[in-house]
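4 protein chains.
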Amino acid sequence: MSHETLPPWDSHPPRSPAPPQRGYDHAAQPQGIAGRHPPVVTPLNADFTVGYPSFTRVIEHLIAGGVHGLFFLGSTSEVVFHDEAIRNKILAHAVEITAGRLPVLAGVVDPTTDRVIGHAKRAATLGVDGVVVTAPFYTRTSQAETVEHFRYAVDASPVPVIAYDLPVSVHTKLARDTITTLAREGAIAGLKDSSGDTGGLRYVIADMADRPEFFCMTGAELDVDGAMLMGAHGVVPGLGNVEPSGYVRLYQAARQGNWAVARTEQARLCRLFEIVWCGVPRTWGGASGVGGFKTAMRAMGLIATNTMARPQRSLNVEESARVEAIFLGVGLL
Amino acid sequence: MSHETLPPWDSHPPRSPAPPQRGYDHAAQPQGIAGRHPPVVTPLNADFTVGYPSFTRVIEHLIAGGVHGLFFLGSTSEVVFHDEAIRNKILAHAVEITAGRLPVLAGVVDPTTDRVIGHAKRAATLGVDGVVVTAPFYTRTSQAETVEHFRYAVDASPVPVIAYDLPVSVHTKLARDTITTLAREGAIAGLKDSSGDTGGLRYVIADMADRPEFFCMTGAELDVDGAMLMGAHGVVPGLGNVEPSGYVRLYQAARQGNWAVARTEQARLCRLFEIVWCGVPRTWGGASGVGGFKTAMRAMGLIATNTMARPQRSLNVEESARVEAIFLGVGLL
Amino acid sequence: MSHETLPPWDSHPPRSPAPPQRGYDHAAQPQGIAGRHPPVVTPLNADFTVGYPSFTRVIEHLIAGGVHGLFFLGSTSEVVFHDEAIRNKILAHAVEITAGRLPVLAGVVDPTTDRVIGHAKRAATLGVDGVVVTAPFYTRTSQAETVEHFRYAVDASPVPVIAYDLPVSVHTKLARDTITTLAREGAIAGLKDSSGDTGGLRYVIADMADRPEFFCMTGAELDVDGAMLMGAHGVVPGLGNVEPSGYVRLYQAARQGNWAVARTEQARLCRLFEIVWCGVPRTWGGASGVGGFKTAMRAMGLIATNTMARPQRSLNVEESARVEAIFLGVGLL
Amino acid sequence: MSHETLPPWDSHPPRSPAPPQRGYDHAAQPQGIAGRHPPVVTPLNADFTVGYPSFTRVIEHLIAGGVHGLFFLGSTSEVVFHDEAIRNKILAHAVEITAGRLPVLAGVVDPTTDRVIGHAKRAATLGVDGVVVTAPFYTRTSQAETVEHFRYAVDASPVPVIAYDLPVSVHTKLARDTITTLAREGAIAGLKDSSGDTGGLRYVIADMADRPEFFCMTGAELDVDGAMLMGAHGVVPGLGNVEPSGYVRLYQAARQGNWAVARTEQARLCRLFEIVWCGVPRTWGGASGVGGFKTAMRAMGLIATNTMARPQRSLNVEESARVEAIFLGVGLL
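Protein chains in written order, with the numbering used here: chain L, 58 to 390; chain S, 58 to 390; chain G, 58 to 390; chain B, 58 to 390.
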């Protein structure tokens, strides 16, 4: 059943056949699903430039931690703070360091279609295996227009497109019909769901059960066991920057149906996740989240500073001490 | 760790000791937890009066279906459409028909504290085992004031108080600290969470892990398996009016750790749940939901009409046919 | 032009002719328009009971201040904190003290239609001249259902019904079509607009320009000059409890087209209005607003306490000092 | 009085002195205030490229219509659909055609600080007189960080910075303290308020009454008379693309205190404004608004097509007929 009937739409030119789904034939991969793709943070120097030696260490830390792929320039990377030139340099470095060991995804986040397409073309040239596209933002866009947005992006992108449902940032939700329409016509290769709408994700998974090549990944660090129980194929956890091996254990336990083990690991990761609320004010959901990750990674010796892209506040000494206390509390450090 | 530090609050008089947790010592109950408590619909006649013969059939249907308790005058009952006299009559009938076979909960839903207390006292006199209290609504209320709201209600209520987190109706979320503060001081006996905030529920369950007498029930029909995997003690499914035995199977499978069985049953109930979107417009979340339940129950021969409390629209013939088609699709009717 | 076409609605029984618009034939009144109707606060004793001697003083203060009518049991009165018995007593006292010197309006605020009708009938019996009705709340209600809500209320109410647009409390906006449909069929006698939607109010006023018997009053204390410039017929200012004579000057200047005088008086009242942000936290919009009014009225010797209905916080000594400082700053006290 | 105390902020480097307020010394201008600055639409060809001949006609139409300045790359221009290269070309054309006859403002709209600065530097090089900056979007940003955002932009911009309050697009409101802090330290030269918060704008105007060089312009097409009555210095009306002379009459009448004339003209413009709701669905606030302007301008022979930037829908034949009917209704065409 359909929640909403999409209005007829006749302005779109005939679509070319769906592009080959390179790099993300998850059914053919060893793990059989989309797996774990942490959204990699972008370490900064104190002068707000990218800290490449730190960035290299983060990539190696994640690969050593057993992830299945790497997602650069996602929201956790502070992507919208970086202009085109910086994004290119970040991706070039990411592809060079990864060196084909794992698939590489790139967020191509900007307010509107043609700018997204520009990012996607550049990312493809730099060697990424897929791009991740949100709904338009700043402008108000109907669901029918959003379907067109993705169709245009898919038509122009040399690599597969994954839809990114992130209403907290773009302020619209991808409707169930929007996602399944795009999935059934072979436009989008998969979904990263960070909407928090558990029921909605469940319906998309059920609607697409006959199309195993379409994969759904959850961005909800706090509910990976629940999402995998409902059939999600992978996880894109920001907290995975800090503790990739925890998500490996959680993911593998869930894949094997060891739900008691999965639940225990999930509970431990939830305690660790509290590092995102150490900024002041605690209820402020802004830079504090990524700031918590960066502060933890600095404490682990992975990155040189916990600097956030300006004008965001970095966690100060007192706030950083809270992050470290949580770390100690869960047996890390 | 705490999200928010509650401001000091000195106006509240010293609280009496926590009232004995009668009727809801879930640790002592056979099933060991809070279990399944469907929020019972209130059948109406075509003239908008309560249809008591239908109501009796619904209660017997639910008891026969294997529920652990009955929750009257919840949101699904259209509680806020009923004035004090009608609520009293509904509860008196409910207690009489239930006749002690199961615990009975009553929603005591109204905008503010003293009116909630009035409902709670009347409900207790009528013989219910516990009352379910939301945050204040219409008025804007801080979290500190909301804590006081519950304390006053608990002090005055002769029976245990269960907090009801329902931001879609009251437009504020019960903060984690609000819930755990009230739980730790013995004020509230449990939580019914219909907030959709999966991560938030998980933190409350974890925070209260050392207090097994405090129970958490989810109101999310679409995520019972996930909620139970995270440790929820029970479920309050509106759809349980229609298909109580499905929730029995789901609940028992989850309790026994048969997560594959639970997931399969959950998927079937999700398909059935689509009856809530058969009203026009489909995206309208109002009376359509309960209207779908009532239409299904009429098709099952349980209730005489699918009339909704005025001014809500009842489902018409065409919409009702859609409900019945969904029923046939999942093998019911 | 119409924003939204209302769906056909066939469940409503034939409406009786529009009730006679008693008491609010504003075209026939001396001032020629709806005028100034402050929403009267309800003074409380320290034990939360109504302080009737204070209440009497407030009424006399307002009449002496030159208002055109009195609006009891509006949001400023903390109406939803009072149950049926208390509301009856408040209205009886109000009618008795007013003694026909001015028209009396009563808010009949509760979540749903039949409960509103019950309040309206009781209010009419007690002698009020009109009742003020909001959209349903707690429950989700479409605009078509909201139209029905008002029709049912009008059919049952012995006195004229005024629509109250207050999305901050009921969480839905009355659509332009909803208001004008009800106005054109003679259902509602007028509108109290507290929506903050300046453009929307302007369209309603323009749409009804050929129906001078339909009146529009603004609840926006901070924009009375602007609202009257666009053609509003009256004002319902909560701050008018504190300073009725300021609103008399503002209103009269606007009526006479002395816009420079109106603007100067409006600016002074805006400075005074800052008493609503003296509670802690300052950004909290809840009890702080009415609490500021009550604190100011206590300082003026009008009422005995600044007690707010529980569980709301009353302003403490420090916060009260801030209120008084603002008072001094604008030349009062 | 202050709504919110800004937290101490120590990461910002010492600010250079406020840049000279070139081009916007509105106190020195003939009209004595900021005046009328329509946000100019960007005409497109059917293939989505910019239609420069049409663009030239629009600029000449506006100058002939008596505006005080031109605001390019505002939201009405579909700015976020245009990448850096296209924006540069648009501005170069705008500056060339305007040829110093009027001041030129440029929107520098992108999610974050450094990207805004990049746009501002390029715009200044191209010869604009000032830049218009929103709060950050996509990312969540506290008010304290938003203050820093503007400070960084002002420090780096060669031309004056005007703050643009547009919560419908960026999903945060500029707090009163944020605006007045930036204004008092000489950072921002003025405010364009499109927040719809009438009371908030009034407080900012009052707070800055001793600083006549700081100007406040309203973006509310439907409330220019009200905004000017409260002391706003100018207006930035999207509808001014269509009917600049109406806003000239309205503005001049308000400036001269002829409020009855202003009100009549405002009422006529409100009827005309209904062209923004001719798209389907009518309640959809997206491309329909600018689409209505473009359709009207096409009917007037100003621009060649009513094409909207993709993926937005352009108004079709039937919708365009509705736009034209409204035009006829107000005596245009």
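Be a bit skeptical, because a hint or two may be false.
[Stated by the list, open to error] A few chain G residues that don't get close to chain S, going by computed Cβ distances all over 12 angstroms:
(1) 153
(2) 199
(3) 202
(4) 206
[To be verified] Below, a list of computed lysine to any residue pairs in the SDA-like style, where the Cα atoms sit at most 20 angstroms apart:
(5) B/230 x B/267
(6) G/146 x G/103
(7) S/178 x S/142
(8) S/230 x S/267
(9) G/230 x B/224
(10) L/230 x B/197
(11) B/178 x L/141
(12) S/230 x L/224
(13) B/230 x G/103
(14) S/230 x L/256
[Stated by the list, open to error] In silico negatives: residues of chain G with every beta carbon more than 10 angstroms from chain S:
(15) 132
(16) 140
(17) 196
(18) 226
(19) 367
Hints are computed from structural coordinates only; laboratory data are not their basis.
Where a beta carbon is used, it is the ideal one built from N, C-alpha and C, also for glycine.
Out of the numbered hints, which ones does the structure contradict? 2, 3, 4, 5, 8, 13, 15, 16, 17, 18 and 19
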